[in-house]
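Whenever a hint applies, use it, and build me the whole structure from the sequences.
There are 4 protein chains.
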Amino acid sequence: MAMPEPLHDIAHLGAVELLTPEPHKALRFFRDLLGMEVVHEASGSVHLRGWGDYAASTLKLTTASAPGVGCIAWRTTSPEALERRAAALSALGLGIDWTNGDFGRGRSFRFRDPDGHIMEIYYEEQRYVAPPGLRSALKNQPQKYTGRGVGVRRLDHLAVLASDVATNRRFAQDILGFQLREQVIFEEGKREIGAWTSPNAVHHQLAYVTDVKGGHGRLHHLSFWVDNRDDVLRAADILSEEGIFIEAGPAKHNNSQGFYLYSYEPGGNRIEVYSGSYLVLAPDWQPVTWNEEERAAGVYWGGALPDSFIQYGTPNIEAGPAGDAPKLPVFF
Amino acid sequence: MAMPEPLHDIAHLGAVELLTPEPHKALRFFRDLLGMEVVHEASGSVHLRGWGDYAASTLKLTTASAPGVGCIAWRTTSPEALERRAAALSALGLGIDWTNGDFGRGRSFRFRDPDGHIMEIYYEEQRYVAPPGLRSALKNQPQKYTGRGVGVRRLDHLAVLASDVATNRRFAQDILGFQLREQVIFEEGKREIGAWTSPNAVHHQLAYVTDVKGGHGRLHHLSFWVDNRDDVLRAADILSEEGIFIEAGPAKHNNSQGFYLYSYEPGGNRIEVYSGSYLVLAPDWQPVTWNEEERAAGVYWGGALPDSFIQYGTPNIEAGPAGDAPKLPVFF
Amino acid sequence: MAMPEPLHDIAHLGAVELLTPEPHKALRFFRDLLGMEVVHEASGSVHLRGWGDYAASTLKLTTASAPGVGCIAWRTTSPEALERRAAALSALGLGIDWTNGDFGRGRSFRFRDPDGHIMEIYYEEQRYVAPPGLRSALKNQPQKYTGRGVGVRRLDHLAVLASDVATNRRFAQDILGFQLREQVIFEEGKREIGAWTSPNAVHHQLAYVTDVKGGHGRLHHLSFWVDNRDDVLRAADILSEEGIFIEAGPAKHNNSQGFYLYSYEPGGNRIEVYSGSYLVLAPDWQPVTWNEEERAAGVYWGGALPDSFIQYGTPNIEAGPAGDAPKLPVFF
Amino acid sequence: MAMPEPLHDIAHLGAVELLTPEPHKALRFFRDLLGMEVVHEASGSVHLRGWGDYAASTLKLTTASAPGVGCIAWRTTSPEALERRAAALSALGLGIDWTNGDFGRGRSFRFRDPDGHIMEIYYEEQRYVAPPGLRSALKNQPQKYTGRGVGVRRLDHLAVLASDVATNRRFAQDILGFQLREQVIFEEGKREIGAWTSPNAVHHQLAYVTDVKGGHGRLHHLSFWVDNRDDVLRAADILSEEGIFIEAGPAKHNNSQGFYLYSYEPGGNRIEVYSGSYLVLAPDWQPVTWNEEERAAGVYWGGALPDSFIQYGTPNIEAGPAGDAPKLPVFF
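Chains A, B, C and D, in that order, give the protein sequences. Position one of the first sequence corresponds to residue 1 (the working numbering), numbered consecutively onward. Position one of the second sequence corresponds to residue 1 (the working numbering), numbered consecutively onward. Position one of the third sequence corresponds to residue 1 (the working numbering), numbered consecutively onward. Position one of the fourth sequence corresponds to residue 1 (the working numbering), numbered consecutively onward.
Hints in this document: simulated from the structure, not taken from any laboratory. Honestly, I wouldn't trust all of these hints.
Since copy identity is lost for identical chains, a pair holds within one copy or between any two.
What the hints assert, rightly or not - The list that follows gives simulated cross-link-like pairs (lysine-lysine, DSS-like), each with its CA atoms no further than 27 Å apart: (1) 25 <-> 190; (2) 139 <-> 213; (3) 213 <-> 190; (4) 25 <-> 139; (5) 144 <-> 213; (6) 144 <-> 190.
Below, the structure is given as structure tokens:
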């Protein structure tokens with residue numbers, strides 16, 4: 001029997017809403033240190049963008065009592081694809097509702113992934129048109145590169161925690177149509193620890209990693225792209241000078257070959273400045289699978305990931321009643 | 001009336017055959033200076049690869065009396081897509097024949113683009129498995145990064161010359177399903193000078209630019225990717241030390257925002273080492289169009305492109321009988 | 001007869017005064033685009049610094065009717081060295097006067113070089129102590145790296161024009177004790193075109209190049225250091241976005257192996273952002289000499305230097321009455 | 001009473017002899033991975049150079065039963081300076097003898113530092129003249145940049161272990177005339193842990209750090225310069241692919257602001273690939289002093305230094321009879 005052709009209904013990660021109990025400090029972090037631009041403010045939220053994002057906004061900062069991730073928005077490849085995916089999600093009982101869309105986007109379908117993260121899909125997108133002071137000298141660049149702070153170019157990906165990685169990974173593959181790029185599986189293939197998936201050539205746009213505390217709907221990190229590894233080093237200088245907590249990096253992951261810098265924005269969410277990695281263009285990509293031994297080898301080079309990298313997510317919670325959260329080696 | 005959903009039958013540029021009258025020197029250029037690996041040799045040809053290419057080979061060097069481009073191979077997204085595209089190409093009378101496929105690839109359908117360049121499509125691809133001495137310490141990297149020479153990571157794109165850019169651009173869009181990313185159009189929209197197209201998120205994998213000498217089937221340049229702009233600078237140092245002719249760069253294009261270095265391999269073909277640029281993930285990307293004035297402004301920064309950049313392609317020919325080849329500003 | 005031991009009375013270039021007819025725009029250029037800090041303002045002048053300069057200030061911007069260079073200040077290696085050099089300069093009739101020193105510096109001896117540039121030497125220097133908001137997280141870094149704009153680290157060197165290069169070059173060597181690093185000599189050794197000299201390991205801190213218009217006391221360019229070539233590329237992006245005129249680069253000089261970017265600050269002075277080059281630690285360094293043919297080969301890579309690079313200096317003047325200013329190839 | 005003017009008799013670190021029990025593997029490490037060139041072979045030794053070293057050779061690999069450092073050679077600023085320093089060293093009873101000089105160098109005076117490291121001073125130096133195949137396209141570059149491996153540019157510095165840092169630091173300052181750049185002092189100024197000194201603008205060319213095992217004449221690390229931080233990252237990729245042990249980095253030191261990568265060459269000596277840092281041109285530089293708390297903060301960014309960084313030197317020895325070697329935090 002013929003394999004069905006790959007589903008191609010989701011185009012890319014569109015925007016992520018970040019919840020922060022420190023809205024003023026977080027705004028300063030993303031605007032003044034990472035160099036993003038504010039494009040819109042609504043009650044309790046500020047919408048920002050990287051200079052290379054073609055959409056009006058890719059980051060929504062929302063004031064909340066605790067850090068975490070709000071709505072994760074995905075753009076579909078067509079209006080029909082939007083309907084198809086909404087139907088499939090509804091059929092699974094994962095749908096929430098249709099909305100008129102958040103800032104800059106049209107009609108959107110909200111749903112939950114199996115772990116409980118709130119997501120939405122949409123097709124209509126407002127292309128960013130820079131105001132005079134922010135127009136680039138390059139006609140093909142949506143916005144001026146201002147030279148302020150790190151200057152992150154665009155939203156790249158996010159990693160969320162899930163209590164059951166396998167179920168959520170299958171959801172991403174089968175229902176969203178994402179390609180599985182890499183995974184970490186322990187205990188001779190029986191226990192899925194992490195899965196890196198993507199709807200496009202970017203190595204991963206959605207990663208699921210084990211929530212060792214048994215929570216739901218939590219965030220591991222949100223990641224922004226810079227073009228050169230040198231930009232990541234420069235980010236480390238900038239964040240260090242400002243007293244921002246650097247959890248790990250700059251260093252190079254085994255997984256994804258990403259060149260990373262992990263910090264916590266003032267509200268507590270883990271934010272990555274990221275470069276390197278590799279594009280995946282193969283239609284029949286064979287996932288790269290890592291086991292305990294391979295992960296125990298640590299990062300490729302550049303220092304180890306601390307235990308907090310496994311233990312800490314947002315919102316930060318106490319370990320579940322099970323209390324038997326497994327002791328995992330750092331597995332990214 | 002509903003727009004048809006985008007065609008998504010071609011996955012990516014698979015391999016390019018380069019004709020060279022200086023096979024030994026060319027081999028040295030690609031292997032020792034660019035740092036590619038030889039994976040296969042057949043009568044009159046050598047197959048090479050970049051350390052990051054997942055396919056067995058992406059460059060075929062074939063001895064010939066004159067430089068130029070041989071067969072340009074594209075991988076399809078599925079077996080069905082291969083059949084669909086073959087049928088569509090045959091229906092247009094552009095088909096040549098089915099073959100058993102070149103080194104590392106399965107059944108392939110050969111055809112010509114309207115300008116006469118030989119291309120082929122295939123689905124089956126032999127994934128590269130590195131021999132012991134070339135295995136990477138990274139499980140997700142198909143081959144060791146050897147540190148020899150420039151160390152180009154992978155084949156990125158090619159630009160070919162065409163006497164009628166508009167016709168070939170429409171062919172790329174309508175028949176191959178490529179998205180038009182940028183174009184140069186002079187005379188108030190009446191004269192197409194260049195078109196940059198791609199089947200995936202890479203900014204362009206196939207560019208058509210005006211053959212000012214009225215030739216057919218000629219090559220402008222073949223381009224290899226490196227991850228960082230610094231790698232392009234290093235390439236300039238390496239090629240300069242070896243007396244390789246550098247035609248232009250390192251500098252930054254307006255078009256595609258690419259950071260480029262153009263040299264001629266010893267056989268005469270123009271070879272680019274390339275980084276920067278930008279990914280396109282928008283399903284409804286609006287092509288960026290440049291006119292005479294905008295192109296006359298030259299490159300974004302880093303020196304001008306010389307007249308040879310317009311006049312020279314491979315094989316190098318005399319201007320056609322028309323003799324009235326237009327004097328174009330350098331338009332990339 | 002024994003050679004005298006090398007003179008070592010001048011430690012380094014201390015500060016340069018730049019005259020600008022556009023003080024507000026120039027301030028914005030140096031502060032917001034190059035990322036320097038304002039440390040002091042006096043009548044008609046603003047004193048600035050790079051984040052890595054250990055002295056309180058290394059750049060003085062002075063409002064003037066025309067662009068050009070004001071006083072060029074050199075720090076001596078000791079109080080005794082200051083007296084020795086002042087005596088030597090006085091003996092040659094080049095002395096102007098002793099002053100109490102400009103901002104941040106002690107007693108200073110002003111003089112003119114043979115071409116008429118105003119210089120001064122001093123020993124006492126106020127070490128910079130950053131105010132709270134500008135303190136670096138690094139104890140050995142005099143000031144925070146703010147991440148604003150280019151972020152030039154420190155003053156590196158300047159090149160001045162001189163009608164008689166040989167005389168001024170000998171002055172730099174014999175009277176100031178600078179080591180001759182490279183020179184350009186045409187006409188089989190008879191005509192000195194340029195000389196690059198330094199009192200320390202920095203490749204050159206004072207260059208004399210032919211004033212093709214026969215002027216006196218004029219500036220060719222002032223240069224600021226960044227640590228990585230990538231920072232120079234980034235500077236090109238920043239200046240391009242702001243509409244600053246880029247005259248040449250980023251590219252690599254033959255001379256000094258410097259990786260350069262030349263722009264004009266809004267008042268008209270040529271400003272370089274610079275990296276690469278090489279340190280000279282040899283006590284018996286043999287000057288590298290370039291002739292016509294070698295210079296005609298142009299820059300090492302990265303585009304040519306335009307004719308303005310020879311013709312333009314500040315203040316900008318008409319060619320002298322001789323009118324027979326030689327047509328020189330670009331010789332840097 | 002007037003301060004004496006600074007002594008300026010030593011120009012720079014000239015060459016270091018490295019002892020290795022794995023001469024073939026070590027040769028491969030320095031030649032094929034670091035990209036150095038072999039210039040001379042003598043009984044039991046191979047002399048190598050970086051492409052930017054002006055001297056004929058800066059590294060001598062000598063076969064030995066255990067790793068460690070052999071003779072550390074310093075070039076003087078003049079023949080007179082050589083005599084002056086030899087006399088001063090002899091007067092202290094530290095002299096060994098005069099020799100005719102090692103490969104490429106003239107008459108040399110051998111001595112020991114207080115800790116027992118063998119050093120020598122010389123003035124005559126054979127300037128490197130590249131053979132045809134290694135001539136650079138740049139007239140001012142002593143040798144071609146070959147693009148092989150890391151491509152270290154030049155010898156930068158070394159750090160040696162000493163049981164009594166204060167005594168050796170005073171020796172470097174008072175007898176060799178080195179400037180003290182940074183130091184680590186614990187116990188409220190009473191216990192010197194490390195001292196970074198230099199005879200020139202390079203931040204440090206000789207560092208003394210506490211030998212926690214109470215040994216003598218041991219090596220901590222030998223360091224080679226690359227121009228850009230990106231080159232250090234690339235070195236990490238190259239060494240990782242070859243299975244070379246990376247002890248720490250790439251990361252940024254607090255001390256010296258150096259951007260480092262520490263590996264062990266196959267014979268066991270710790271080798272650093274190094275960039276960044278800062279030049280010191282101030283004649284009255286005030287040493288930067290770090291205490292326990294400041295050092296406990298670890299490196300500036302990029303991962304921690306492992307305990308081996310304190311414990312391991314070459315030759316590797318057991319802790320002395322005192323057995324009470326203090327537990328130090330990693331202090332670099």
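Against the structure, the hints come out as follows:
In this assembly of identical chains, residue 25 and residue 190 lie within 27 Å of each other by CA distance neither inside one copy nor across copies; the values are 43 Å within and 42 Å between. Taking CA atoms no more than 27 Å apart as the test, residue 139 paired with residue 213 passes in neither setting, with 48 Å inside one copy and 29 Å between copies. In this assembly of identical chains, residue 213 and residue 190 lie within 27 Å of each other by CA distance solely inside one copy; the values are 19 Å within and 48 Å between copies. When the C-alpha separation of residue 25 and residue 139 is checked against a cutoff of 27 Å, the pair qualifies only between copies, where the shortest distance is 25 Å, while the shortest distance within a copy is 33 Å.
For a Cα distance limit of 27 Å, the shortest separation of residue 144 from residue 213 qualifies neither inside one copy, at 42 Å, nor across copies, at 38 Å. Within a single copy, residue 144 and residue 190 get their C-alpha atoms no closer than 49 Å, and across copies no closer than 30 Å, so neither meets the 27 Å cut-off.
Violated hints, listed in ascending order, are 1, 2, 5 and 6; each of the other numbered hints is respected by the structure.
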